[in-house]
Amino acid sequence: MFTSYDRPVLVVGGAGKSARRVAARLDALGLPVRPASRTTAVPFDWSHPSTWDAALDGVSAAYLSYAPDLAFPGASDQVAALARRLAERGVERVVILSGRGEAGARASELALLDAVPTASVVRCSFFAQNFTEGMFADDVRAGELAIPVPADVPEPFVDLDDVADVAVAALRDDAYAGSVLELTGPQALTFGEAVAAIGDALGSPVSFRSTSVEDFVAAVVAAGEPAELAYGLAELFAEVMDGRNVATTDTIERVLERPATSLADVVRGVAGHAYGR
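Note that this note's numbering has the sequence shown beginning at 29, numbered continuously upward.
Note that these hints are calculated values from the structure, not bench results. Accuracy of the hints is not assured; some may be wrong.
Here are the simulated lysine to aspartate or glutamate pairs, DMTMM-like style, with alpha carbons at most 25 Å apart [claimed, not checked]:
1) 45 x 172
2) 45 x 267
3) 45 x 81
4) 45 x 263
5) 45 x 166
6) 45 x 253
7) 45 x 256
The calculated label-pair distances, taken between Cβ atoms and stated as ranges, are [claimed, not checked]:
8) 263 x 73: 50 to 58 Å
9) 86 x 205: 34 to 42 Å
10) 70 x 203: 28 to 36 Å
11) 266 x 165: 17 to 25 Å
12) 118 x 250: 21 to 29 Å
13) 66 x 224: 35 to 43 Å
14) 75 x 285: 17 to 25 Å
15) 250 x 142: 35 to 43 Å
16) 298 x 180: 43 to 51 Å
17) 73 x 250: 37 to 45 Å
18) 172 x 31: 45 to 53 Å
19) 254 x 112: 23 to 31 Å
Glycine included, every Cβ here is placed at the ideal spot set by N, Cα and C.
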């Protein structure tokens with residue numbers, strides 16, 4: 029049964045990659061939306077629980093995305109604390125964006141489901157949009173991606189638009205209450221194969237190089253990001269890029285009744301905008 033809301037759906041993440049897509053879809057359905065981040069009119073900051081109550085006031089449901097990643101230290105404690113506040117307010121429809129194969133993310137999932145058993149987990153492989161609007165986009169634009177992941181381990185990159193469609197379905201459809209929806213793209217590709225496909229879509233070559241953690245951290249810091257973020261990402265790569273996430277799922281097709289979108293199709297759809305071509 030589909031649910032309609034007359035009170036706001038809290039969308040934590042504001043203008044973030046997944047949150048803005050979820051908010052736009054809810055708005056298009058005519059549902060009231062409250063985007064929330066550190067910079068919104070009603071602010072929300074995961075690191076400052078004093079901001080949470082105003083963001084939660086009067087909401088009927090919630091979509092939760094965590095930055096930089098649920099695998100980072102302390103995330104599960106913050107998710108648990110927020111989940112308790114949602115439960116105290118009787119908010120039963122909650123969807124959390126999670127990462128596939130991440131022990132830390134799994135702890136956050138369990139913390140949410142413990143407090144809100146009717147919540148749903150949208151557990152994802154690496155986003156295809158990391159190549160077009162995220163952490164890899166500048167390197168792809170420059171023609172070479174160099175990160176500390178094995179050259180021979182595939183990953184079934186998932187389209188964030190597919191993720192947002194599934195998240196909205198989980199927010200609206202009682203059938204997904206209490207469920208874990210594991211999302212992947214239709215095909216597992218190594219990073220080398222992925223950037224080659226991107227180069228084909230762009231009409232100019234993009235190469236991949238497996239680099240050391242030290243070189244990766246130095247590059248991230250040189251780009252103006254904190255070393256803690258760089259080391260955290262390197263640890264995440266080491267954890268999940270060991271072959272555990274190679275298998276694809278049919279969840280997107282089952283939920284949306286259409287095939288999952290390929291990485292090549294994602295890139296072709298945004299090439300001019302994302303890469304200035």
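A quick look at each hint next to the structure:
no. : hint                  : result
1   : 45 x 172              : holds, 23 Å
2   : 45 x 267              : holds, 23 Å
3   : 45 x 81               : holds, 24 Å
4   : 45 x 263              : holds, 22 Å
5   : 45 x 166              : holds, 16 Å
6   : 45 x 253              : holds, 18 Å
7   : 45 x 256              : holds, 21 Å
8   : 263 x 73: 50 to 58 Å  : violated, 24 Å
9   : 86 x 205: 34 to 42 Å  : violated, 21 Å
10  : 70 x 203: 28 to 36 Å  : holds, 31 Å
11  : 266 x 165: 17 to 25 Å : holds, 22 Å
12  : 118 x 250: 21 to 29 Å : violated, 48 Å
13  : 66 x 224: 35 to 43 Å  : holds, 37 Å
14  : 75 x 285: 17 to 25 Å  : violated, 39 Å
15  : 250 x 142: 35 to 43 Å : holds, 41 Å
16  : 298 x 180: 43 to 51 Å : violated, 28 Å
17  : 73 x 250: 37 to 45 Å  : violated, 27 Å
18  : 172 x 31: 45 to 53 Å  : holds, 47 Å
19  : 254 x 112: 23 to 31 Å : holds, 29 Å
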